[in-house]
Amino acid sequence: GEEVAIALDPAVTELYEGEGEGGSYVLAREGRTLDSGGLAALWAEWVANYPIVSIEDGMAEDDWAGWSALTERTGDRVQLVGDDLFVTNIERLQRGIDERAANAILVKLNQIGTLSETLDAIRLAHEAGFAAVISHRSGETEDATIAHLAVATGAGQIKTGAPARSDRTAKYNELLRIEEILVARGEARYAGRDAFPRAR
Numbered sequence: 002g003e004e005v006a007i008a009l010d011p012a013v014t015e016l017y018e019g020e021g022e023g024g025s026y027v028l029a030r031e032g033r034t035l036d037s038g039g040l041a042a043l044w045a046e047w048v049a050n051y052p053i054v055s056i057e058d059g060m061a062e063d064d065w066a067g068w069s070a071l072t073e074r075t076g077d078r079v080q081l082v083g084d085d086l087f088v089t090n091i092e093r094l095q096r097g098i099d100e101r102a103a104n105a106i107l108v109k110l111n112q113i114g115t116l117s118e119t120l121d122a123i124r125l126a127h128e129a130g131f132a133a134v135i136s137h138r139s140g141e142t143e144d145a146t147i148a149h150l151a152v153a154t155g156a157g158q159i160k161t162g163a164p165a166r167s168d169r170t171a172k173y174n175e176l177l178r179i180e181e182i183l184v185a186r187g188e189a190r191y192a193g194r195d196a197f198p199r200a201r
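In terms of the numbering used here, the sequence shown is residues 2 to 201.
Honestly, the hints are just simulated from the structure, not real lab data.
Quick reminder that beta carbons are idealized off the backbone N, C-alpha and C, glycines included.
Mixed in with the good hints, there may be bad ones.
To be verified - Subject to a maximum C-alpha distance of 25 Å in a straight line, what follows is the list of computed DMTMM-like cross-link-like pairs (lysine to aspartate or glutamate):
(1) K160 with E92
(2) K109 with E128
(3) K160 with D85
As the list claims (entries may be wrong) - Quick list of simulated restraints, FRET-style, between CB atoms:
(4) A165 with G193: 32 to 38 Å
(5) E31 with A185: 36 to 42 Å
(6) A153 with R33: 43 to 49 Å
(7) E92 with R190: 19 to 25 Å
Model the full structure from these sequences, guided by the hints.
This is the structure:
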């Protein structure tokens with residue numbers, strides 16, 4: 002837990018059976034089915050036993066009560082990122098803030114539509130004490146705009162995959178170039194574990 006930490010994206014909407022709230026999570030390989038409370042308890046157990054710092058999409062996208070239960074159980078110890086939950090949508094994010102569902106949002110620039118709307122979503126998240134994780138999309142190009150967006154908004158986190166393809170390395174290389182400029186100005190700061198303030 003000191004040098005390596007775990008960030009999960011289990012995308013459990015794929016395990017959810019039912020509409021809206023009140024459905025269940027089917028763990029077919031384990032031969033068991035959990036309600037929202039049961040899945041929240043499982044995540045809490047894992048957070049207590051493993052160096053998990055972030056869980057993205059730990060509940061189904063429309064299981065608002067489940068998200069609130071998960072946040073109540075683990076939100077003080079781990080980052081809970083809503084991707085499918087919020088879809089970079091300000092109205093859904095506001096509902097999440099109001100219902101204490103999650104404590105972070107995954108921001109996909111081309112998901113919401115405009116740069117202005119993206120900045121509004123990040124601003125709303127930060128004002129509510131939520132983290133904003135800037136993310137790539139599948140089918141990315143070598144465009145490095147999201148690297149600039151992450152730095153300009155003080156997001157502190159970017160999700161762009163393993164440095165295995167040119168579309169991904171372009172973003173990491175751009176972050177290195179930005180760092181060189183900021184270091185020369187004395188304005189760079191390495192966040193380290195501070196990027197995950199809830200993780201203990």
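Q: Check each numbered hint against the structure and report the violated ones by number, ascending.
A: Hints 4, 5, 7 are the ones this structure does not satisfy, whereas the remaining hints hold.
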